[in-house]
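Hey, can you work out the whole structure from these sequences and the hints?
Below are the chains, spelled out letter by letter.
Number of protein chains: 2
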Amino acid sequence: MTLQHADTSNDESKTRLRLWLRLLKLSSGIEGEIRRKLRDEHDSTLPRFDVMAALMRHPEGLKMSDLSGYLKVSNGNVTGIVDRLTEDGLAVRVAVPGDRRASLARMTPKGIQTFEDLAAHHEDWVNGLLDGLSNHECHTLIDLLEKAMLNKDNSDEHG
Amino acid sequence: MTLQHADTSNDESKTRLRLWLRLLKLSSGIEGEIRRKLRDEHDSTLPRFDVMAALMRHPEGLKMSDLSGYLKVSNGNVTGIVDRLTEDGLAVRVAVPGDRRASLARMTPKGIQTFEDLAAHHEDWVNGLLDGLSNHECHTLIDLLEKAMLNKDNSDEHG
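Note that the protein sequences, when read in sequence, are chains R and S. Counting from 1, position 76 in the first sequence corresponds to residue 81 in the working numbering; the numbering is continuous, with no gaps. Counting from 1, position 48 in the second sequence corresponds to residue 53 in the working numbering; the numbering is continuous, with no gaps.
No lab work stands behind these hints: they were computed from the structure. Among the hints, a few may not be true.
Identical copies go unnamed one by one, so any copy, or any two together, can satisfy a pair.
[Claimed, not checked] Lysine-lysine pairs mimicking DSSO-like chemistry, simulated, CA-CA at most 27 Å apart:
| no. | residue 1 | residue 2 |
| --- | --- | --- |
| 1 | K115 | K30 |
| 2 | K152 | K30 |
| 3 | K30 | K42 |
| 4 | K42 | K19 |
| 5 | K115 | K152 |
| 6 | K77 | K19 |
| 7 | K152 | K68 |
| 8 | K115 | K19 |
Now the structure itself:
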């Protein structure tokens with residue numbers, strides 16, 4: 006009477022369900038490991054890392070509302086994270102010409118250096134966590150995940 | 006200056022990083038879709054679904070502490086969810102013989118029926134979201150994800 010025994014399922018449907026459970030387990034496992042290493046080894050968090058990554062992609066600066074849109078988290082949380090980054094000298098807020106109430110967040114040189122160091126660690130962690138797979142297997146997985154994703158983008162058809 | 010440009014990376018390391026980003030994107034996308042459908046179509050939530058699934062796997066009943074251990078969420082949250090399930094007649098709390106302070110949560114027949122209905126929908130959603138993949142492709146993915154997972158379980162070696 007577990008998920009695998011729903012009356013309506015056939016073998017292919019059960020296989021896709023199994024695939025989803027494996028996908029979820031692996032990605033939760035890796036994400037948990039990254040959160041743990043950010044916390045224990047760098048006194049940081051995944052949302053903070055994600056905010057820095059978004060700011061790195063926008064050297065021209067980002068409004069809080071755009072930033073929270075990219076990250077799909079609340080404005081309040083993003084503002085708190087940017088405040089902390091600013092206190093730590095990793096980001097600055099600059100005025101938006103012609104809009105007194107808005108400000109843009111931008112990385113400082115120290116922030117850029119800090120992020121690049123963190124990103125190199127992040128890449129090492131991911132590389133270590135996935136090193137049971139050959140390069141060829143990684144490419145096979147990427148192709149299949151992208152194929153699955155294409156369909157996901159059209160998921161309204163299955164609504 | 007994005008993640009892909011860390012100085013230390015070589016091609017294989019970049020491929021694994023790309024794999025991780027695809028994995029994260031697909032699993033977040035599917036999870037978001039499942040959360041949305043549970044909320045909009047069944048007035049439910051993923052933590053509630055997960056609690057019911059755990060209780061279904063333990064017809065003998067589960068203590069709150071065991072339940073929160075399985076789900077890796079706080080006791081308080083699990084207790085709140087079980088309270089709601091109990092109010093809705095989907096679960097009951099029964100005394101533990103010989104331990105006055107502990108109680109076990111168990112599904113009721115109505116709860117079992119409700120969960121089986123939800124689980125069948127859940128399987129249909131997953132099946133629809135992943136139906137861009139052939140059965141053979143799904144098996145290839147499962148094999149590769151399990152291979153990656155095996156390594157993940159030994160991740161302390163990479164600490």
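Do the hints match the structure? See the list:
1. Proximity of K115 and K30 under a CA criterion of 27 Å is satisfied in neither setting, with 36 Å inside one chain copy and 29 Å between copies.
2. Proximity of K152 and K30 under a CA criterion of 27 Å is satisfied in both settings, with 20 Å inside one chain copy and 12 Å between copies.
3. Within a single copy, K30 and K42 get their C-alpha atoms as close as 18 Å, and across copies as close as 21 Å, so both meet the 27 Å cut-off.
4. For the identical chains of this complex, K42 and K19 are inter-copy neighbours only, at 19 Å across copies versus 35 Å inside a copy, given an alpha-carbon limit of 27 Å.
5. Taking identical chains as interchangeable, the C-alpha atoms of K115 and K152 are never at most 27 Å apart, the minima being 39 Å within one chain and 39 Å between chains.
6. For the homomeric pair K77 and K19, the shortest alpha-carbon distance between copies (25 Å) is at most 27 Å, but the shortest distance inside one copy (31 Å) is not.
7. In this homomeric assembly, K152 and K68 never come within 27 Å of each other (Cα to Cα): the closest approach is 33 Å inside a single copy and 42 Å across copies.
8. Taking the closest pair of Cα atoms, K115 and K19 come within 27 Å of each other only across two copies (24 Å); inside a single copy the shortest separation is 50 Å, beyond that limit.
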